[in-house]
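Number of protein chains: 2
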Amino acid sequence: MKKFINNVDHMLAESLRGFATAHADLVEVQFEPTFVTRKQKAQNKVAVISGGGSGHEPLHAGYVGKGMLDAACPGQVFTSPTPDQMLAAAEAVHAGNGVLFIVKNYAGDVMNFEMATEMLPFEHATVYTSDDCAVVNSTYTTGRRGVAGTVIVEKCVGSLAETGADLAACKALGDKINLRTSSIGVALTSCTVPAAGRPTFDISEAEIEMGVGIHGEPGRRREAMRPADAIVSDMVAAILHDIAAKQLPAEGEILLLVNGLGATPLMELYLIYQQAASLLAEKGYRVARSLVGNYITAIDMAGASISVCLLDAEIKQHWDSAVHTAGLRWGI
Amino acid sequence: MKKFINNVDHMLAESLRGFATAHADLVEVQFEPTFVTRKQKAQNKVAVISGGGSGHEPLHAGYVGKGMLDAACPGQVFTSPTPDQMLAAAEAVHAGNGVLFIVKNYAGDVMNFEMATEMLPFEHATVYTSDDCAVVNSTYTTGRRGVAGTVIVEKCVGSLAETGADLAACKALGDKINLRTSSIGVALTSCTVPAAGRPTFDISEAEIEMGVGIHGEPGRRREAMRPADAIVSDMVAAILHDIAAKQLPAEGEILLLVNGLGATPLMELYLIYQQAASLLAEKGYRVARSLVGNYITAIDMAGASISVCLLDAEIKQHWDSAVHTAGLRWGI
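Chains as they are written, first to last, in the numbering used here: chain A, 95 to 426; chain B, 95 to 426.
Chain A on its own, in the form it takes in the complex (with noise of 0.2 Å):
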């Protein structure tokens, strides 16, 4: 293994205090319990709080801005958070008007977001993510994993908060969302998490994992490296099927998310885009907006996921307003 780190126990903090450096017009980070917040705390709003493990930035530390999330939690590198750091991010930034939690359906993060809530002397409510159509059940999850719908999520849920929506209604919009949302990944190669120095799992040449988890967990089959738009009809495929199996529309405006898994070159990313954007239109949605790049990654993996998310006037507008994070930026 080869990393720029100086100590795998160390790595996480010193990777903050550069974020917090870099950022220290948006962001402010706190140690003990770890958690980061807004520079300019919101008022009047549902204070809208992500986390989960480390080794997917930019999510969610890099979602944490203006028209996005309040504050995050960063676990340990694939570690869930625990619940003194949701408590006191959610002490930190909540302003009278609850706090609501985008939590994706991790085992570990799902029992240590529970937890916090359980403690939590404020109105409250939890949206889980589980937009992975791959699989039922995997190495961390009862149920559907949540994976890079959980960036349109807290786009969306972060935009409806900005307004002074309630938190039922902002609730409302993240399930609504994480329902219309379908995600399929595939990796070419294995993550190698820094603790464990080592690969997470083997692949050869000719393999690839699809349906792969952000973990490395593994997906719906083994299967032989192929031709990209093979592997992306593959994909398209799948999520189309979700779409049937949710009694979803056949049709509409979607919005298409093509995610780089960590070491993915763009030049990849952009040629996987127009394979899918193309079956997808040939199947009678339109893309009406896009995000191609690294969002949710799997650390330092080779792969890519295909997110599509059937678009509404609501979801459309919140998805366009104005937003300041570290990782995604527009209108301001």
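Keep in mind that the hints were calculated from the coordinates and are not lab data. Each statement offered as a hint is correct.
Note that identical chains are pooled: a pair holds if it fits in a single copy or bridges any two copies.
Derived DSSO-like pairs: lysine-lysine, alpha-carbon spacing no greater than 30 Å straight-line:
#, residue 1, residue 2
1, Lys133, Lys410
2, Lys377, Lys340
3, Lys410, Lys135
4, Lys410, Lys340
5, Lys96, Lys377
6, Lys265, Lys410
7, Lys133, Lys377
8, Lys377, Lys97
9, Lys265, Lys133
10, Lys270, Lys340
11, Lys410, Lys377
We have chain A; now place chain B onto it with these hints.
Coordinates of chain B only, in the frame set by chain A:
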């Protein structure tokens, strides 16, 4: 080699089609000859054009848009674009106020851009970037290589051009920024050029290439892998030595750009940033502006570069001005 490609010969075109579709609000892509322009052609300004081999995305096509480039000419991977691309791009975006080319100092690019300018029927000038202080003369270069400082030149010259400044003023700002910027890169792994199908160089788990070029060209020397802080310390020392050699100010405000070469996680880039910012502050430089992420890549190389630009009021103003491109966006 495992990559998301269908055919190495079609990879660039397929990727550019995806880029054009994903950013249809922002850019248009032409083929044969291949170039990228803004969707809304700018009027009454110097046309700013860059280009170079592909594989460095988001550079350069990702920097076409308001406040930055008018056009970009992407060559095949790590291969200079041809003069007909540059001429066609210049014809398309010239608005009667002359054309400024921004060219990274590689022999192939220099030769082809010079050939284009000889045939160009418009007033023109060229800024050559050569911010890499690692080596003088290299695999593809006579003199110093142009690397991440090119992003700063493109951003600031693009901003100045937007104000209606004349060709000479735009060239002068570009040359000034190039002089005031020093960069150095380091590789943990090689990149793999798709057409070659195997890594450009061999490097063991115990080694790093200090001063690597963005095409995997040799750097200063092969060194032993060591903790990030020790690597960063040597990189910052090289930059400080270069600043002194250029007789530039030994204190003042700087822009610190920590750039990922393709496969390095953001978490590691922020860790590098923190150490670099801390060392530069000890030496009397105040980090006034920061950029951390993948802005000029070497396909899928694990590695990073550090760039320091000595700011002045003019550079800072043009760095801060609004920009709307696929790769850099703020204020819009």
